[in-house]
Amino acid sequence: MTTTTTKTTTKTAPVTAEHPGVPSASQIAALIAEAPEPRPTLIKTFNAMMAREFRVLRRNAIATFTRAVMQPLLFVFVFAYVFPKIGGGFNLGGGAAASGGGAVNFATILVPGLMASMLLMQGIMAVTFPLVMEFSWQRTIEDRALAPVPIKVLAIQKITAGAVQSFIGACIVFPIVLLVHAAGQAPHVHVTNWGLFALILVFASLLTSSLGLLLGTIMDPRKMQMLFAVILLPATMLGCVYYPWSALHHIRWLQIVVLVNPMVYMSEGLRAVLTPSLGHMPLWGVLLALVGGTVVFSYLGTRTFTKRVLN
Amino acid sequence: MTPDTGPAIRTEDLRKTYKSSRGDVPAVRGIDLSVESGQFFGLLGPNGAGKSTTIGMLTTLVLPTGGRAWVAGKDVVADPVGVKRRIGVVTQNNTLDMQLTVAENLEFRSRFFGLGLREASRRATQLLEVFGLADRRKAMSTDLSGGQAKRLLIARALVHRPDVLFLDEPTAGLDPQTRVNLWDILGVLHGEGQTILLTTHYMEEAEALCEQVAVIDHGEVLASGTVNELKDGTGAETVITVRYEETVPAGVTVRAGLTDRPGVSKVEADGDYIRVFTREPEGVLGELVNVGSAAGLTVRDATQLKPSLETVFLTLTGREYRE
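The listed protein sequences derive, respectively, from chains A and B.
The first sequence: position 4 = 426 (our numbering), numbered continuously.
The second sequence: position 135 = 151 (our numbering), numbered continuously.
None of these hints come from the bench; they were simulated from the model.
Accuracy of the hints is not assured; some may be wrong.
[Unchecked claim] If you want a taste of the chain A side facing chain B, the calculated C-beta under 8 Å gives, among others:
# : residue
1 : 477
2 : 480
3 : 570
4 : 642
5 : 698
[Said to hold, decoys possible] Far from chain B, by Cβ distances over 12 Å, these chain A residues were calculated:
#  : residue
6  : 445
7  : 471
8  : 559
9  : 568
10 : 571
[Unchecked claim] Simulated pairs of lysine to any residue, SDA-like, Cα-Cα distance not exceeding 25 Å:
#  : chain 1 : residue 1 : chain 2 : residue 2
11 : B       : 247       : B       : 218
12 : A       : 574       : B       : 247
13 : B       : 154       : A       : 481
14 : A       : 729       : B       : 154
15 : B       : 154       : A       : 654
None of these values were measured; they are calculated from a predicted model.
For glycine and all other residues, C-beta sits at the position ideal for the given N, C-alpha and C.
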């Protein structure tokens with residue numbers, strides 16, 4: 423084929439939406455002449471990337487909101503409303519009450535646990551799932567990777583955006599677990615230190631989103647369903663969501679084994695600030711684990727992320 | 017470090033070897049390129065030749081394992097951010113942001129490059145107008161056709177007036193009409209002084225667009241120069257291939273005196289075919305048929321390639337391009 427035949431074809435082709443013709447030289451010249459001078463800075467690019475996340479979040483607001491609401495709503499509905507109504511035979515709180523002292527209903531145990539569970543879920547949903555898509559065969563990650571910032575910054579941006587979503591998710595859960603219950607089954611929640619509450623929420627959010635980044639960069643997209651079986655389910659079931667850590671002293675080996683689970687520290691940290699009357703882990707241990715975990719997961723996640731982007 | 021006034025792209029012995037469980041896989045084995053500012057440069061080679069790896073290294077997304085490369089005067093390894101500020105990249109895959117609309121894809125890319133909100137929106141409108149996507153500005157980018165997506169990818173690469181525009185197989189998988197349409201857009205861009213590096217496995221694409229071409233295969237540059245230089249040099253000959261039903265007996269070509277014909281530079285007989293490289297193709301095909309029948313061979317098919325990048329490739333590698 424030669425250029426001559428090419429030009430002929432173009433000229434005779436109908437101009438349609440699919441083939442809108444070729445821009446004229448003057449149009450292209452204007453495009454180049456009027457191109458704005460790029461002035462990227464690290465902060466500007468980072469902010470633009472965050473703005474992009476919020477645009478997407480706003481667009482998917484209903485789906486995101488539903489995702490954040492459904493799980494905790496059904497949980498508290500069944501555990502704090504249905505079970506007490508059908509006879510109270512389900513008395514998980516008993517053990518906790520024994521160790522924590524005083525009468526404690528299950529809703530009280532569930533409030534911090536469900537918030538922690540929601541943080542993890544949102545962190546994974548907000549970071550891991552999109553990341554696995556972006557690394558799949560079309561590698562749409564290259565879009566952001568070509569932005570004029572180091573790849574590390576892109577990783578940190580993803581952790582930040584994920585943490586914000588996690589935080590919002592936990593804030594949505596709070597009123598639900600507080601308000602949905604059978605008569606007389608209200609959880610005994612009493613926040614004395616809002617600053618500490620916020621601090622634990624922030625670090626728990628960062629922990630889940632940095633874990634989300636690490637998982638998203640090491641997961642094989644074809645084995646995504648494994649994520650539930652191997653990570654989410656064990657982390658939640660063995661994450662002191664439905665029972666306080668102190669109650670596990672009956673099963674000493676389990677009490678020690680679950681310490682590798684970051685969920686434990688999120689649940690216990692929230693327990694310490696929301697339901698201090700219940701037995702909980704020492705705060706210093708919780709904070710150390712949350713901050714340490716965030717640092718370790720962020721470091722590892724950023725490394726694996728960079729390796730995946732730059733092959 | 018190369019000064020900013022140097023060539024738009026320069027590489028020195030650029031290499032990339034991938035590690036895999038089955039050992040090292042060399043993808044690029046020492047490539048030297050020099051692309052002047054304003055040039056339309058084509059990297060031509062079959063699938064798997066190392067083109068995408070090379071473009072990946074030049075656009076900082078693939079880390080070289082040897083050698084050096086500079087784009088717009090910036091070292092791709094030492095200053096990847098400096099390189100990224102100065103380039104536009106049209107990836108082979110559809111890497112549009114699937115979560116965003118057509119216009120948002122341009123607006124956010126502009127903002128990644130430091131443009132303000134209003135400036136980004138104005139630039140997006142202008143680009144959509146020029147690339148014929150104005151009526152699709154609110155569509156989700158996933159709803160675009162292949163050709164529209166490719167135009168949006170090009171528009172997106174131009175938001176910040178890149179010093180060098182990279183296009184990796186821009187027309188692969190597009191229908192012929194969309195393809196020539198893109199060729200014309202690229203031609204106009206180049207006419208306005210845009211430096212372009214394009215990879216392609218379409219011979220005719222390189223012939224139609226590129227001023228300078230480097231033919232690469234197995235991660236090495238086999239030949240480079242203008243299309244005409246290449247045709248006048250290595251590939252100046254017509255290549256005539258005749259395949260027979262039977263295996264060609266040894267010595268047939270010598271006995272028939274094919275090598276003594278005027279203009280013939282090379283005769284190959286291997287397996288079931290005889291191939292003649294000649295500057296005077298007149299009558300060669302007929303003779304090959306006669307030589308065959310004299311040796312008791314039945315002709316299966318015959319091809320005659322005029323001097324083109326295809327004959328360049330054939331001469332350099334001994335393999336047909338589309339094999």
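Hints, verified against the model:
{"no.": "1", "hint": "477", "result": "holds (7 Å)"}
{"no.": "2", "hint": "480", "result": "violated (11 Å)"}
{"no.": "3", "hint": "570", "result": "holds (4 Å)"}
{"no.": "4", "hint": "642", "result": "violated (15 Å)"}
{"no.": "5", "hint": "698", "result": "violated (41 Å)"}
{"no.": "6", "hint": "445", "result": "violated (5 Å)"}
{"no.": "7", "hint": "471", "result": "violated (7 Å)"}
{"no.": "8", "hint": "559", "result": "violated (7 Å)"}
{"no.": "9", "hint": "568", "result": "violated (6 Å)"}
{"no.": "10", "hint": "571", "result": "violated (6 Å)"}
{"no.": "11", "hint": "247/B <-> 218/B", "result": "holds (16 Å)"}
{"no.": "12", "hint": "574/A <-> 247/B", "result": "violated (46 Å)"}
{"no.": "13", "hint": "154/B <-> 481/A", "result": "holds (13 Å)"}
{"no.": "14", "hint": "729/A <-> 154/B", "result": "violated (35 Å)"}
{"no.": "15", "hint": "154/B <-> 654/A", "result": "violated (37 Å)"}
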